[in-house]
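> What follows is the residue order along each chain.
Number of protein chains: 2
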Amino acid sequence: MKKLLGLLLIVILGISFCFGQTVTDPPDSQPAASNVRGARYPRITSDLRAIFQVKAPDAQKVQLQMGKVFDMVKGENGIWTYTTEPLVPGFHYYFLIIDGVTVSDPASESFFGWGKMSSGIEVPESGVSYYSLKNVPHGDVRQKWYFSSVTQAWRRCFVYCPPDYNNNLNKKYPVLYLQHGSGEDERGWSVQGKADIIMDNLIAEGKAVPMIIVMDQGYAIKHGAPAPVPGQQPAGPSAFEEVVIKDIIPFIDSNFRTLSDRDHRAMAGLSMGGMQTIQITMSNLDKFSHIGGFSGAGRFSGAGLDVNKDYNGVMADAAAFNKKVKLLWIGIGTAEPQNMYKAVNGFHLALTTAGIKHVYYESPGTDHEWLTWRRSLNEFAPLLFR
Amino acid sequence: MKKLLGLLLIVILGISFCFGQTVTDPPDSQPAASNVRGARYPRITSDLRAIFQVKAPDAQKVQLQMGKVFDMVKGENGIWTYTTEPLVPGFHYYFLIIDGVTVSDPASESFFGWGKMSSGIEVPESGVSYYSLKNVPHGDVRQKWYFSSVTQAWRRCFVYCPPDYNNNLNKKYPVLYLQHGSGEDERGWSVQGKADIIMDNLIAEGKAVPMIIVMDQGYAIKHGAPAPVPGQQPAGPSAFEEVVIKDIIPFIDSNFRTLSDRDHRAMAGLSMGGMQTIQITMSNLDKFSHIGGFSGAGRFSGAGLDVNKDYNGVMADAAAFNKKVKLLWIGIGTAEPQNMYKAVNGFHLALTTAGIKHVYYESPGTDHEWLTWRRSLNEFAPLLFR
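As they're listed, the protein sequences go chains L and G.
For the first sequence, position 350 matches number 350 in this note's numbering, and the numbering has no gaps at all.
For the second sequence, position 262 matches number 262 in this note's numbering, and the numbering has no gaps at all.
Pulled out of the complex, with its shape left as it was, chain L reads as follows (with noise of 0.2 Å):
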């Protein structure tokens, strides 16, 4: 019987490697670390091309879309492929467009990006490892839920814990407030951004405090409002301001050993989070004495900073804002989107003729995507808590 129930396992087991055919793979190329167990595809070769393959016997058009679409290639036997040029190195979200339909790519691990479930692909990075997983001792990643009093919702979040943390009982922690873009959710910092393994690795090296990290939804309706329209714009502004102060920051500083002043207290984000940071801050400067703004800082707009309207204020007295933030910090990719790069830019530029202290930071070569975010992050979390 047990050789009964080992070929069992092993058909059973056999559906993980199911995918594609037993053809031969391209030379000098290796499966994405993105894919999901077994896939073949899509894969990456030595300098950095990604291959991608779906088997479609029956479609009229298959394309790629990863920033621009591409038209993908039938062959035999029904399958479709296309090699991209040299990649940027990093997360690149990508979809799948079956005769005009978008869909994510059943051979990749699902990622919440773009508002759905996106493929995505990682594009390894020569002689990195910040965000690789190293024999250094690892914190957690805890999910946790809460109910909304703001949204009269359960609402869920992710809190990273340091290594150290179910060690020392007594030690108390401070806390980063980690905002995701536009279209992602509370999922995003850990998955795709790797976050924990980022801290971890800064840990080990002594090159950041032990941290708490907390990466919550920046959606929020509050409740009573009018539901949003679908295919409309929502009715109202976001609660999400109001559910950090109210809900999140109490949670938190219930549920886990923290350090509630506001000098062990810190927000960032990145894209659209990097604007809800800036504004929330800036507004309850009481409770936030760090600041991060990964690609979103300031606006989008072009429009320019004045330090004696803008948030109230807080900035017109240069010296006190100086004394009052222990750090604010400003980063950008030097191939975004150039309205993004000279909002971030320039409102880096409006902080220095004001005479705002900040960091400002400069991603080489890497666009709006999850690698700027995750050096950001590299960068910014050092100066924490020092």
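Just so you know, the hints here were simulated from the structure itself, not pulled from any lab data.
Any given hint could be a false lead.
Because identical chains cannot be distinguished in the list, a pair is counted as satisfied if it fits within a single copy or across any two copies.
Stated by the list, open to error - DSS-like mimics (lysine-lysine), calculated; alpha carbons at most 27 Å apart, straight line:
id, residue 1, residue 2
1, Lys171, Lys144
2, Lys171, Lys326
3, Lys222, Lys134
4, Lys61, Lys74
5, Lys55, Lys74
6, Lys171, Lys309
7, Lys342, Lys222
8, Lys246, Lys134
9, Lys55, Lys68
10, Lys222, Lys287
11, Lys68, Lys357
12, Lys134, Lys172
13, Lys144, Lys172
14, Lys342, Lys68
15, Lys68, Lys287
16, Lys246, Lys342
17, Lys134, Lys309
Guided by the hints, dock chain G onto chain L, whose structure is given.
This is chain G only, laid out in the frame that chain L set:
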């Protein structure tokens, strides 16, 4: 500038609301709870039919795969629709087939099942709340990385810690190792299974002892063993048993406050995970005292159980076995495929004939699906560690 920021946020927030069209939704229906944020389809009617919708003006054929394959019907504006018969409540995997290509639905959350990121639909169960979020103390689910000595690779597990784990810092807890089924992974029990919510509710009602639950991945290839050839069966047996004994249990016992004797260690699993559980626990009765097989105890081969030979004869002396094993629990859904039902029910009958004490449970009207396993956990967990 605040206005500009507000407007921009509204535009960005709009991404999550752009699914579907501004047409009238069918009355007496609501979006499935398993949809991504803001998606109007699939919808569930009050008599539990599911309505699927895909915009695909250029596709020749659009189908729904949910158990069987159903042809969707093309209507105005290239929108394809399909309304099911009333569905059994619980969680059902499904896929869309666009001109012959099986893909997941961008409007649904993704769930790792069938060896890929699948779509899933949650059909509400009237009058039942044991897997609903309630206002009770909540534990958490922790993502942990560990390095396996057996596979020589990093592995990930999820660990449920009960609500009082962070308050009773001197308390130690019993541990249940809980496995997913074939084609699934370590995410299955907390995402599809809602194991954390079930446990929070059971513990709040005093029906289950607070316990730690470890959810790991039931696939493992021993370091140095030939890598599986894609499209073929793996060359050797799974090394999962070795990983459980040599890696997972020692990791959990040294990183969590566990009661580490056999009396306080249980293992259970569903389908393939149930078969693995029986195999592993019977070979390691010095380590496990409580055993559960959900839709997968014994094997699906139909061959009779020989208590004198099977499992190295551990059941040959029924009295000794009954004294040693504190709980042997077997469950199956009455609507599961006949071969599965017969195998598990046959195992139950054979155990009865052999005088082996066990609990046998049938989930009324449910198939080889997650509702059977949510119910199984809800029945099984209260019997543990008493």
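> Each hint: holds or not?
Taking the hints in turn, this is what the structure says about them:
1. Lys171 - Lys144: So Lys171 and Lys144 pass the 27 Å test inside a copy (21 Å) and across (21 Å) alike.
2. Lys171 - Lys326: This pair counts as within: shortest intra-copy Cα distance 23 Å, inter-copy 40 Å.
3. Lys222 - Lys134: between (42 Å within a copy, 20 Å between copies)
4. Lys61 - Lys74: For Lys61 and Lys74, both the intra-copy (9 Å) and inter-copy (19 Å) Cα distances are at most 27 Å.
5. Lys55 - Lys74: For Lys55 and Lys74, both the intra-copy (9 Å) and inter-copy (24 Å) Cα distances are at most 27 Å.
6. Lys171 - Lys309: Answer is neither: 41 Å inside a copy and 55 Å across each miss the 27 Å cutoff.
7. Lys342 - Lys222: neither (33 Å within a copy, 52 Å between copies)
8. Lys246 - Lys134: Between copies, since 20 Å is at most 27 Å while 37 Å is not.
9. Lys55 - Lys68: Answer is both: 21 Å inside a copy and 21 Å across each meet the 27 Å cutoff.
10. Lys222 - Lys287: Cα proximity of Lys222 and Lys287: one copy only (22 Å, versus 51 Å across).
11. Lys68 - Lys357: For Lys68 and Lys357, the Cα distance exceeds 27 Å both inside one copy (38 Å) and across copies (63 Å).
12. Lys134 - Lys172: The answer is within: 26 Å in one copy meets 27 Å, while 29 Å across copies does not.
13. Lys144 - Lys172: both (19 Å within a copy, 21 Å between copies)
14. Lys342 - Lys68: within (22 Å within a copy, 53 Å between copies)
15. Lys68 - Lys287: This pair counts as neither: shortest intra-copy Cα distance 42 Å, inter-copy 55 Å.
16. Lys246 - Lys342: Neither, since 34 Å and 55 Å both go past 27 Å.
17. Lys134 - Lys309: neither (47 Å within a copy, 45 Å between copies)
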